[in-house]
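Taken in sequence, the protein lines are chains A and B.
Numbering follows the working numbering, with no gaps: position 347 of the first sequence is 347.
To convert, take the position in the second sequence, counting from 1, and add 1000; that gives the working numbering.
Bear in mind the hints are in silico, worked out from the structure with no lab data behind them.
Among the hints, erroneous ones may be present.
To be verified - Cross-link-like lysine to any residue pairs, in silico, SDA-like; alpha carbons within 20 Å at most:
| no. | chain 1 | residue 1 | chain 2 | residue 2 |
| --- | --- | --- | --- | --- |
| 1 | A | Lys53 | B | Lys1031 |
| 2 | A | Lys170 | B | Asp1166 |
| 3 | B | Lys1031 | A | Gly236 |
| 4 | A | Lys324 | B | Cys1073 |
| 5 | A | Lys170 | B | Lys1031 |
| 6 | A | Lys170 | B | Glu1167 |
| 7 | A | Lys11 | A | Lys324 |
| 8 | A | Lys199 | A | Ala87 |
| 9 | A | Lys53 | B | Glu1175 |
| 10 | A | Lys199 | B | Lys1031 |
| 11 | A | Lys173 | A | Asp23 |
| 12 | A | Lys20 | B | Phe1151 |
| 13 | B | Lys1031 | A | Lys11 |
| 14 | A | Lys20 | B | Tyr1059 |
| 15 | B | Lys1031 | A | Asp85 |
| 16 | A | Lys53 | B | Ser1174 |
| 17 | A | Lys170 | A | Arg6 |
| 18 | A | Lys53 | B | Leu1165 |
| 19 | B | Lys1031 | A | Ser285 |
| 20 | A | Lys20 | B | Lys1031 |
| 21 | A | Lys427 | B | Leu1172 |
To be verified - Here are the computed distance ranges between Cβ atoms for each label pair:
| no. | chain 1 | residue 1 | chain 2 | residue 2 | range |
| --- | --- | --- | --- | --- | --- |
| 22 | A | Asp23 | B | Thr1034 | 32 to 38 Å |
| 23 | A | Asp14 | B | Gly1039 | 53 to 59 Å |
| 24 | A | Pro82 | B | Gly1051 | 43 to 49 Å |
| 25 | B | Ala1027 | A | Arg48 | 37 to 43 Å |
| 26 | A | Pro429 | B | Ala1176 | 55 to 61 Å |
| 27 | B | Asp1069 | A | Gly181 | 54 to 60 Å |
For glycine and all other residues, C-beta sits at the position ideal for the given N, C-alpha and C.
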Amino acid sequence: MSATSRTLYEKIWDAHVVEKRDDGTCLIYIDRHLVHEVTSPQAFEGLRAAGRKVRRPDLTLAVPDHNLPTTARVGADGQRLPIADPASAGQLAALERNVAEFGVPYIGATDAHQGIVHVVGPELGFTLPGTTLVCGDSHTAAHGALGSLAFGIGTSEVEHVLATQTLLLKPSKTMEVRVDGALGFGVTPKDLILAIIGKIGAAGGTGYVIEYSGVAFREMSIEGRLTVANMSIEAGARSGLFAPDEKTFAYLQGRPMAPAGEDWERLVAWWKTLPTDDGAVFDASVTLDAGTIAPNVTWGTSPEDVVPITGAVPDPESFDDPAKREAARKSLAYMGLAPGTAMRDVPVEHIFIGSCTNSRIEDLRAAADVVRGRRVSGGVRQALIVPGSGLVKRQAEAEGLDRIFTEAGFEWREPGCSMCLAMNPDKVPAGERCASTSNRNFVGRQGPGARTHLMSPAMAAAAAVSGRLADVRDLVPA
Amino acid sequence: MSGRERIEGRAYPFGRRNVDTDVIIPAAHLKTITRAGLGQHAFETVRAEPGNVFDDPVYAGAPVLIAGDNFGCGSSREHAAWALVDMGVRVVIAPSFSDIFSGNAFKNGIAAVVLPQAAVDRLLEVACAQPVTVDLETMSVTTPLQDRFVFEMDPFRRECLLKGLDEIGLTLASEAAIAAYEAATPSLNWGRPLSLSTA
Ligand code: SF4
Chain A
1 MSATSRTLYE
11 KIWDAHVVEK
21 RDDGTCLIYI
31 DRHLVHEVTS
41 PQAFEGLRAA
51 GRKVRRPDLT
61 LAVPDHNLPT
71 TARVGADGQR
81 LPIADPASAG
91 QLAALERNVA
101 EFGVPYIGAT
111 DAHQGIVHVV
121 GPELGFTLPG
131 TTLVCGDSHT
141 AAHGALGSLA
151 FGIGTSEVEH
161 VLATQTLLLK
171 PSKTMEVRVD
181 GALGFGVTPK
191 DLILAIIGKI
201 GAAGGTGYVI
211 EYSGVAFREM
221 SIEGRLTVAN
231 MSIEAGARSG
241 LFAPDEKTFA
251 YLQGRPMAPA
261 GEDWERLVAW
271 WKTLPTDDGA
281 VFDASVTLDA
291 GTIAPNVTWG
301 TSPEDVVPIT
311 GAVPDPESFD
321 DPAKREAARK
331 SLAYMGLAPG
341 TAMRDVPVEH
351 IFIGSCTNSR
361 IEDLRAAADV
371 VRGRRVSGGV
381 RQALIVPGSG
391 LVKRQAEAEG
401 LDRIFTEAGF
411 EWREPGCSMC
421 LAMNPDKVPA
431 GERCASTSNR
441 NFVGRQGPGA
451 RTHLMSPAMA
461 AAAAVSGRLA
471 DVRDLVPA
Chain B
1001 MSGRERIEGR
1011 AYPFGRRNVD
1021 TDVIIPAAHL
1031 KTITRAGLGQ
1041 HAFETVRAEP
1051 GNVFDDPVYA
1061 GAPVLIAGDN
1071 FGCGSSREHA
1081 AWALVDMGVR
1091 VVIAPSFSDI
1101 FSGNAFKNGI
1111 AAVVLPQAAV
1121 DRLLEVACAQ
1131 PVTVDLETMS
1141 VTTPLQDRFV
1151 FEMDPFRREC
1161 LLKGLDEIGL
1171 TLASEAAIAA
1181 YEAATPSLNW
1191 GRPLSLSTA
């Protein structure tokens, strides 16, 4: 790094150093802290035990998402319906007690703004360029789409941020992922990030903060960038960054928690200085050509197990690395797949369109475009659409998307994490297969024994109407 | 391990390698809302094995756990450290640890002590009949049979463990610097607060 040329990451880092220790560790100021019900109870418990307060409740925002059932939350009498699972109900009740006791701004379970933390932050303008943003959740990387240095933290760190509004951190290495060219017909940001993870591997970004650059990302919508940044962690990187640009400003202006008036003008002027300088050096660089990417699906139990939909289940013996060979054998046994099977011949019983990766309005529109005038295939036992937030849900309903889905045989649910990690009642039964727009196909992620194939919303919709993994390009004319 | 430099007592001669955090505390216990009480579920799958060290009354309440390579790999769940604290474990000795686990352990007052495999093998043998002493001041592990193994430890972590300092307490000692940063950055409170419900 030269003294004058800095990357976007270095500029945000430098602007947040409160103190620098001799060993290079820095006390970094945290501008924004999102809190949810799963990783926060022990943090508040720790504050209480030590007699500490939340230092900056005004920079903190809490919202429940992981545990909430996605069925109706309010009864016909207008009363809130109880949560059946006592452990889930307990985590929600603990969050409600804690935010009241510590004075933390809170979006409640039945609030119109409730949703998945990583959908709520950007859409309310809580997430802003040039900020540091944390949350006790690994997909916090998503907020990097708006040029925020955002990363997931553990519960002790949640407590540390609540008490001090800072974190002790060592700087990361930087990696540029440059994608030039244009995505082809039917190819989405989800397909691109799956291709990137397939290329660099699930641990390829470990120790790095990724910056996404190149024409393909510049042309991408903010919602697409949120999908890409979200999955940075699946490539091992704690954060993924996009340089703030006119698209970012247009997206944020007027959002309920975004600055306005003079503040807005002043901040936009600063945000325009943040993009990586010419001549700044990255520790690593990866390039891809967008034009070579097809709609992708996963075949195994790691997000790096990516194959184009036109491809086939790989033969474990084809991998050079013995560890990889063994992992592939295990994955295929778990997934119930034989080497050489065409991906388009794989039947699915469940469809999940949702999660912080793909549950925003563009995602639902893309899925609806495929579903319109078609029906969910008879072999599909459950097809869920779970909007990322109450605002997304209402927008979709205003556009009539809910009717397209329900008429086709989908269930239209309340916002939350849902089948992404199956902490609530939405689970894929053991041995059954799900086409999912979420971000992790780990063993048991969607329920014990569940088999997950990751893909884009359009591809999940194509699978729903086909009853098997399908190439969306065969269903929608170019 | 608030403010104590010597931990003396029996040690679980566990010795297993690649113990992941699922083994330390199974996922079924992650929906808890408190750090306390996880100890009873720690090593549940190991405890299902007859003759396991965790149910052997000889080691009940032992403050030291001796394990194999790569202890604490897998999921980053901090519950693994909480479960060990709840069991009364204050030192884990192993040839290597996963980074995330050793960070979580330290944050919860557990010393993750790295010793070479040969030293760990010897301690596993001795621990079956003898107590061990871990001294953070001299950075050594000793036994009544005259064994003495020295280890290294990050100076900052060692000091925190020795003084019983928690990281938050230390950071709060930088209060002046944090307040100065906030004062110099008037724009922190950028957003207009959304009117939020608390239900
Ligand atoms: S939707 Fe899935 S990945 Fe996103 S925050 Fe919820 S559980 Fe985590």
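Evaluated hints:
Between the alpha carbons of lysine 53/A and lysine 1031/B the distance comes to roughly 24 Å, so the proposed pair goes past 20 Å and is violated. A hinted pair counts as satisfied when its Cα atoms are at most 20 Å apart, and lysine 170/A with aspartate 1166/B qualifies at roughly 19 Å. Using a Cα cut-off of 20 Å, the hinted pair lysine 1031/B and glycine 236/A is violated, with the two alpha carbons roughly 25 Å apart. Only pairs whose Cα atoms come within 20 Å are accepted, and lysine 324/A paired with cysteine 1073/B is accepted, the gap being roughly 18 Å.
The straight-line distance between the Cα atoms of lysine 170/A and lysine 1031/B is roughly 31 Å, outside the 20 Å bound, and the hint therefore fails. With a CA separation close to 15 Å, the supplied pair lysine 170/A and glutamate 1167/B stays within the 20 Å bound. A threshold of 20 Å between alpha carbons decides the hint, and for lysine 11/A with lysine 324/A the separation of about 38 Å lies outside it, so the pair is violated. With a C-alpha separation of about 39 Å, the suggested pairing of lysine 199/A with alanine 87/A is violated against the 20 Å cut-off.
The suggested pairing of lysine 53/A with glutamate 1175/B holds, with an alpha-carbon distance near 14 Å, which does not exceed 20 Å. Annotation: proposed proximity of lysine 199/A to lysine 1031/B is violated, straight-line Cα distance about 35 Å (limit 20 Å). For a cut-off of 20 Å, the pair hint linking lysine 173/A to aspartate 23/A stands: about 16 Å separates their Cα positions. For the hint pairing lysine 20/A with phenylalanine 1151/B, the CA-to-CA distance comes to about 27 Å; that exceeds 20 Å, so the pair is violated.
With a C-alpha separation of about 38 Å, the suggested pair lysine 1031/B and lysine 11/A falls outside the 20 Å cut-off, and the hint is violated. Of the supplied pair hints, the one linking lysine 20/A and tyrosine 1059/B is violated, its CA atoms being roughly 44 Å apart against a limit of 20 Å. Between the alpha carbons of lysine 1031/B and aspartate 85/A the distance comes to roughly 11 Å, so the proposed pair stays at or under 20 Å and holds. Taking the CA atoms of lysine 53/A and serine 1174/B, the gap is about 16 Å. The hint holds against a cut of 20 Å.
Taken as a hint, the lysine 170/A and arginine 6/A pair is honoured in the structure, with Cα atoms around 17 Å apart against an allowance of 20 Å. A hinted pair counts as satisfied when its Cα atoms are at most 20 Å apart, and lysine 53/A with leucine 1165/B qualifies at roughly 18 Å. Annotation: proposed proximity of lysine 1031/B to serine 285/A is violated, straight-line Cα distance about 40 Å (limit 20 Å). Between the alpha carbons of lysine 20/A and lysine 1031/B the distance comes to roughly 37 Å, so the proposed pair goes past 20 Å and is violated.
A distance of roughly 43 Å separates the Cα atoms of lysine 427/A and leucine 1172/B; the hinted pair therefore is violated under the 20 Å criterion. Judged by the Cβ atoms, the range 32 to 38 Å given for aspartate 23/A and threonine 1034/B holds: they are separated by roughly 34 Å. Distance hint for aspartate 14/A and glycine 1039/B: a CB-CB separation of about 43 Å, inconsistent with the stated range 53 to 59 Å. For proline 82/A and glycine 1051/B, the Cβ-Cβ distance of about 45 Å falls inside the hinted range of 43 to 49 Å, so the restraint holds.
Checking the proposed 37 to 43 Å range against alanine 1027/B and arginine 48/A shows it is violated: the Cβ atoms sit about 26 Å from each other. Taken as a hint, the range 55 to 61 Å holds for the pair proline 429/A and alanine 1176/B, whose Cβ atoms sit roughly 57 Å apart. At roughly 45 Å, the beta-carbon separation of aspartate 1069/B and glycine 181/A lies outside the given 54 to 60 Å, and the hint is violated.
The structure does not agree with the numbered hints 1, 3, 5, 7, 8, 10, 12, 13, 14, 19, 20, 21, 23, 25 and 27 stated previously, though it agrees with the rest.
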